[in-house]
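K.L.:
Residue strings, one per chain:
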Amino acid sequence: MEFTFDNNIPIYIQVLEYMKIYLISGVFKCGEKLPSVREFATTFKVNPNTMQKALAELESMNLIYTERTNGKYVTNDTKLIEKLKDEYAITLAKSYFQGMKKIGLGKADSIKYLEGIDD
Amino acid sequence: MINMKLLEIKDLNKSFDNKEILKDINLSIQSGKIIGLLGKNGVGKTTLIKLINDLLTPTSGEILIKGQKIGIETKKVISYLPERTYLNKQMKVSEVISYFEDFYDNFDSEKAVKLLKELDLDINQKLTQMSKGMQEKVQLVLVMSRNADLYVLDEPLGGVDPATRDYILDTILSNFNENASVIISTHLISDIEKILDEVIFIDKGQIVLQSDADKLRNKENASIDEIFRRMFKC
Numbered sequence: 234m235e236f237t238f239d240n241n242i243p244i245y246i247q248v249l250e251y252m253k254i255y256l257i258s259g260v261f262k263c264g265e266k267l268p269s270v271r272e273f274a275t276t277f278k279v280n281p282n283t284m285q286k287a288l289a290e291l292e293s294m295n296l297i298y299t300e301r302t303n304g305k306y307v308t309n310d311t312k313l314i315e316k317l318k319d320e321y322a323i324t325l326a327k328s329y330f331q332g333m334k335k336i337g338l339g340k341a342d343s344i345k346y347l348e349g350i351d352d
Numbered sequence: 009m010i011n012m013k014l015l016e017i018k019d020l021n022k023s024f025d026n027k028e029i030l031k032d033i034n035l036s037i038q039s040g041k042i043i044g045l046l047g048k049n050g051v052g053k054t055t056l057i058k059l060i061n062d063l064l065t066p067t068s069g070e071i072l073i074k075g076q077k078i079g080i081e082t083k084k085v086i087s088y089l090p091e092r093t094y095l096n097k098q099m100k101v102s103e104v105i106s107y108f109e110d111f112y113d114n115f116d117s118e119k120a121v122k123l124l125k126e127l128d129l130d131i132n133q134k135l136t137q138m139s140k141g142m143q144e145k146v147q148l149v150l151v152m153s154r155n156a157d158l159y160v161l162d163e164p165l166g167g168v169d170p171a172t173r174d175y176i177l178d179t180i181l182s183n184f185n186e187n188a189s190v191i192i193s194t195h196l197i198s199d200i201e202k203i204l205d206e207v208i209f210i211d212k213g214q215i216v217l218q219s220d221a222d223k224l225r226n227k228e229n230a231s232i233d234e235i236f237r238r239m240f241k242c
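Top line first, the protein sequences correspond to chains V and G. Start counting the first sequence at 234; every next residue gets the next number (this note's numbering). Start counting the second sequence at 9; every next residue gets the next number (this note's numbering).
Everything hinted at is true.
Using C-beta positions, here's what the derived DEER-type ranges look like:
# : chain 1 : residue 1 : chain 2 : residue 2 : range
1 : V       : Asn309    : G       : Lys48     : 52 to 62 Å
2 : G       : Met239    : V       : Thr237    : 20 to 30 Å
3 : V       : Tyr306    : G       : Asp113    : 36 to 46 Å
4 : V       : Tyr255    : G       : Asn49     : 37 to 47 Å
5 : V       : Leu313    : G       : Asp113    : 48 to 58 Å
6 : G       : Lys83     : V       : Leu325    : 53 to 63 Å
I should point out that these hints are in silico values taken from the structure, not numbers from a laboratory. Built from N, CA and C at the ideal position, the CB exists for glycine as well.
Starting from the given sequences, assemble the full structure and let the hints guide the process.
P.N.:
Below you can see the structure in the form of structure tokens.
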């Protein structure tokens, strides 16, 4: 996967967003050991310090934890990941409705459009 | 040691024939960072870099590397990529490698060979037979293959295409270790800014800003490139 970054937004925040999606979608599952900072930095093609900052942020949100000398793991709290998923979905839905509102479509009509779209 | 000052510059001035090139430079750089030295053409970036590498003598002030004054000892721990090549272009890449091996204790020739292979460069080729971009890649590989404390890269992206720029950035990223720092001087800010920890803006011989890159983006709500353009609008 090719990661693209918008230079107008702090890079660590963008890495954080990618990481959240990884956790929500189960690329890294609850309780799973995460790759090292360096490995992540190589994957995202970012500075290891930037990666460290993004991981520290995830840790402060309790989404991951550090086991002394052993590396970083995804939280075992499945509810927390579910909550994150829920919040993310709401954000996406809101932005969809906002977009539809701009072109004069209400909620009911917007939902009809959604039903008409195939995967 | 964490937070040790790797490079410290105190009240540095440099003049040529009474023309002040650098004025009252005060700067300190820690280990484990990638730092962008950003400025327009002719503002003193290369002069500052040459002073750090002991190729020029300060008019006043001092430069310390790990607390030591610039000299033979500090040259051992600084790996420098000059703006222009100094290599004999009649040499084959393999000959340049053995030349570096003789010259520097901390040169890792195995690493150099490995990196050159990854970049699809033939070590049996003479430098003259290579394109400018290929020569720049060779130079960068040589510089990054030294186990140094400070890497000073003067315009490493100058003559290369955007795809090669990405390659070069990857090479810098994957080969710098947490005990070392990298200073990259450039005016091609947008190409490089995503890998920078810190930025230093230099203008008319003075340091006008030193900041954490993401903090600056956050504060100004713009890219480093945009902030630079606003600040130095002609």
